[in-house]
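Please build the complete structure, drawing on both the sequences and the hints.
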Amino acid sequence: MSVTDRGARVLVVEDEEPLAKLVVSYLRRDRFEVEALGDGAEAVGLARRWNPDVVVLDLGLPGMDGVEVCRQVRTFSDCYIIMLTARAEEVDKLVGLSVGADDYLTKPFSPRELVARVRVVLRRPRRTGTADEVDGPLTFGELEIDIAGREVHLAGVPVELTRTQFDVLAALAVRPRMVFSREQLIEAVWGPGWVGDEHLVDVHIGHVRRKLGDDPADPAFIRTVRGIGYRMGPGR
Numbered sequence: 012m013s014v015t016d017r018g019a020r021v022l023v024v025e026d027e028e029p030l031a032k033l034v035v036s037y038l039r040r041d042r043f044e045v046e047a048l049g050d051g052a053e054a055v056g057l058a059r060r061w062n063p064d065v066v067v068l069d070l071g072l073p074g075m076d077g078v079e080v081c082r083q084v085r086t087f088s089d090c091y092i093i094m095l096t097a098r099a100e101e102v103d104k105l106v107g108l109s110v111g112a113d114d115y116l117t118k119p120f121s122p123r124e125l126v127a128r129v130r131v132v133l134r135r136p137r138r139t140g141t142a143d144e145v146d147g148p149l150t151f152g153e154l155e156i157d158i159a160g161r162e163v164h165l166a167g168v169p170v171e172l173t174r175t176q177f178d179v180l181a182a183l184a185v186r187p188r189m190v191f192s193r194e195q196l197i198e199a200v201w202g203p204g205w206v207g208d209e210h211l212v213d214v215h216i217g218h219v220r221r222k223l224g225d226d227p228a229d230p231a232f233i234r235t236v237r238g239i240g241y242r243m244g245p246g247r
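Start counting the sequence shown at 12; every next residue gets the next number (this note's numbering).
For the record, the hints were derived by calculation from the structure and aren't laboratory data. Heads up, some of the hints might be wrong.
Using C-beta positions, here's what the derived DEER-type ranges look like [to be verified]:
# : residue 1 : residue 2 : range
1 : GLY217    : THR86     : 18 to 28 angstroms
2 : GLU171    : GLU53     : 21 to 31 angstroms
3 : PRO203    : PRO122    : 19 to 29 angstroms
4 : GLY71     : GLU46     : 15 to 25 angstroms
5 : ASP226    : GLU46     : 36 to 46 angstroms
6 : ARG20     : GLU124    : 17 to 27 angstroms
7 : PRO245    : GLU27     : 44 to 54 angstroms
8 : ARG186    : ARG134    : 14 to 24 angstroms
In this text, a Cβ means the ideal position worked out from N, Cα and C, and glycines have one as well.
Here is the structure:
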C-alpha cells in the first residue's frame, strides 16, 4: 500500500449490517481508518465532522436514500464517493453519478474489489502527472484550466467541478489535439486496474459539459468524435 493510501479515512454508509461489517473488516485489514453508519442523515453529519477521503455509499438506504446523501455531501466536500446499488438497471447507476458520485459497484460484489476501487480513487489525483507537464493555466477561449491549482474558470467565473470531473477535463486539456477513446480516458483518470462499465466516461463528460454550459449539439469545449471518443475544442 502506498503512503497516499495509508491511514486514509473511509466512511461506509450501508444499512445491511452483515455487509457493512464485512466491508469494514476488509478496509481495516488494509489499514484504512473506517467509520460505518446505516442511516443517511447521520452519515451526512458525520461526513461534515469527520471529513472522510472516501465515502462508500449504498444507494438504497431507508429514509434519506443514497442519492440525497450524495447530493448533500457534495455541498461541503469533494471526497470520493463510490456508490453501491443492488439494482443493475443503468438508470440507477446514472442517477447516482448525476449527483456527484465518482464510481459505482453493483451488488453482490467482492470486498476485495471494493478495497481495490478505494485504492484506485485515492491515487487518482496524481495519476496523470499533468501538473508537471503544463507550464501555467491552459486556455480554450473563455475557459481557463489551472492544472496545478485544480481550478477552472469560465469568463472569469469559477466553475465547481468534482474531483472526477476535473480529472476528466484535465486529461483532455493537457493533450488537446488527441482524440481519447473511453478506454484511454479510463486509464488516464481511473487507472489501468479499473473494471466496470466504460459508459461511466460518457456520464462524467455530460456533467462537465453541463457545468461549462457546453451544448452537446454544438460544443465549444469538449467535442465528440463519432466512433472514437472525445477531444478538446478551441472554445468560444
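Results of checking the hints against the structure:
Roughly 21 angstroms separates the CB atoms of GLY217 and THR86, a value that falls within the hinted 18 to 28 angstroms. A hinted range of 21 to 31 angstroms holds for the C-beta pair GLU171 and GLU53, which are about 26 angstroms apart. Between PRO203 and PRO122 the CB atoms are about 21 angstroms apart, so this pair conforms to the stated range of 19 to 29 angstroms. For GLY71 and GLU46, the Cβ-Cβ distance of about 20 angstroms falls inside the hinted range of 15 to 25 angstroms, so the restraint holds.
The hint said 36 to 46 angstroms for the Cβ distance between ASP226 and GLU46, and at roughly 42 angstroms that hint holds. Distance hint for ARG20 and GLU124: a CB-CB separation of about 20 angstroms, consistent with the stated range 17 to 27 angstroms. In this structure, PRO245 and GLU27 meet the distance hint of 44 to 54 angstroms, their C-beta atoms being roughly 49 angstroms apart. Remark: the range hint 14 to 24 angstroms for ARG186 to ARG134 is upheld by a beta-carbon distance near 20 angstroms.
In the structure shown, no violation is registered for any of the earlier numbered hints.
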